[in-house]
Amino acid sequence: MERPQELLKPVKRRLIYLTFALALIVELVPLPVGSVRWLPDFVGMLILYWVLNQPSRVGIGTAFLLGLIADVATAGLFGQHALAYTITAYLVLLRQRQLVMFNLGVQAIVVLGLLQVNQLIMVIARMATGSAFVGWSFFLPPLVGALLWPLLTNLLVLPYRQRSL
Amino acid sequence: MDFANTPSFFRQGPRPLVRLISCATLSVALLVADSRYGLMEPAREALSVVLYPLQWAVNAPVSGVRDLSSFFTTQSELQQENAKLRTAALSNAAQLGRLATVERELTELKALAQIASSRTDVAAQAEVLYTGRDAFTYKLIIDRGTNAGLKGGMPVLDGHGLLGQITRVQPLTAEVTLVVDKNQMVPVMIERTGQRAILYGYGGGVELRYMPIHADIKEGDRLVTSGIDSVFPPGVPVAQVGKVDRNAGAAFARVACIPYAGVQSSRYVLVVSEKSMPPAPAPAQPVVPLDAKAAKAAAKAAKKGEGKDAKTKSTAKAATPASGPR
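Protein sequence lines correspond, in order, to chains A and B.
If you're matching positions, the first sequence starts at 1 in full-length UniProt numbering and goes up one per residue.
If you're matching positions, the second sequence starts at 1 in full-length UniProt numbering and goes up one per residue.
No wet-lab data here; the hints were simulated from the structure.
In this text the structure is predicted, and so the values were computed from the model without any measurement.
Ideal placement from N, C-alpha and C gives every residue a C-beta, glycine not left out.
Be a bit skeptical, because a hint or two may be false.
Claimed, not checked - Covered by chain A, according to a simulated footprint, are these stretches of chain B (three or more residues, beta-carbon under 8 Å):
1. 43-54
2. 58-68
3. 215-229
As the list claims (entries may be wrong) - Short derived list, chain A residues pointing at chain B, Cβ under 7 Å:
4. Leu-22
5. Leu-24
6. Leu-77
7. Phe-78
8. Ala-82
As the list claims (entries may be wrong) - Short, incomplete list of chain B residues facing chain A, as computed with Cβ under 8 Å:
9. Asp-34
10. Met-40
11. Met-189
12. Thr-193
Work out the full structure, taking the sequences as your base and the hints as a guide.
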């Protein structure tokens, strides 16, 4: 599926903030305990999305700040999300021009890899600071996240379609 | 790592690699600071304050739904729960009662154990089996008798003071006459002044009789056993002076007292042996006539007797440590 090169309205800064706020809210929702095992990291996915599509607005600095907030929200170690998001944002920025041109399927595969890098960095950070390995199920959420990627992209493009279409 | 199509004449801030390195270094520094030194607590607190509105917004609907569902709890559910709670309360009350009894027993036993360990003359520790059925006398039956070496006349204490005296001993049980019994008398001493008196039981209470009207005695004085009677060990608290009634028309003051011991309430008692009297002096030797023959015979007898004496002495020495502490 080649992505149509449609003309979109310019993205408003407000929307970006709103989506991040929503993602953080999802982190904070008191969900049943088991759901953490498969629920993807929405903040991480949104950072990837916005860095990919709006690299001039959302960059490494934003990723770092959001990572700090996510650290507090998830009651993790201070800096683990920040480090992971910073590195994945940089990886996206390296090949941003290329990645934008890919269709959603290929993008999803790339996103899977990037989300796994996220998880890997966090695991390494936790294990380096003395935590035990949590098990391979820790690498399951990125799969779900990659499956949700096309849906997320279509959803976020929705407000910017021209009315005439 | 420049992007090919980024116009180089636009200043876009630091290059991505520089940003990456600075941000990554910063987050690694934060990681170390947090995990090793716990330095980030204030920052975490500040950020959590910022996050609080979000948290509240997320939790508000959830708690709202919970409130709503609890509002619509069914009547039958409430009734069921009520009944269950009531049974639970009942069983808890029963358990609590048992616990209170056990606790009281424990404190009693602890007090007794303390006394028992500080006394050297304890004969037995006993439990009260029942109180005498006779309404006119105040007696207890305890679960030790001659089997534990009890003898009539032994004083009985509890954790607080003197309880009474053993008056009858059966093989397995013994009867204790309490100090409040009508015919029970205890020689006591007013601890403050050292004045001696006799405490009489009158059937349900104790009083000091035959105290001179101007005797130095006042409410709250402690009465302890004086120990001059060869029965009760000295210094055991017996009673507290209650009301002193000095009637000018009477010859003696009326002094009502309150016994210390839980006369009607203690469950565990301590029987102590009667106060040991100093050994009676040996009867004086008959004067021996001083003629030589008799003296010789006496010396012989003494010599013979010395050997015997030495033997008996050694046996006596062996025997004395056992009986000594009594």
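Hint by hint, here is what the structure shows:
| no. | hint | result |
| --- | --- | --- |
| 1 | 43-54 | holds (count 7) |
| 2 | 58-68 | holds (count 3) |
| 3 | 215-229 | violated (count 0) |
| 4 | Leu-22 | violated (10 Å) |
| 5 | Leu-24 | holds (6 Å) |
| 6 | Leu-77 | holds (6 Å) |
| 7 | Phe-78 | holds (4 Å) |
| 8 | Ala-82 | holds (4 Å) |
| 9 | Asp-34 | holds (4 Å) |
| 10 | Met-40 | holds (4 Å) |
| 11 | Met-189 | violated (72 Å) |
| 12 | Thr-193 | violated (73 Å) |
The structure does not agree with the numbered hints 3, 4, 11 and 12 stated previously, though it agrees with the rest.
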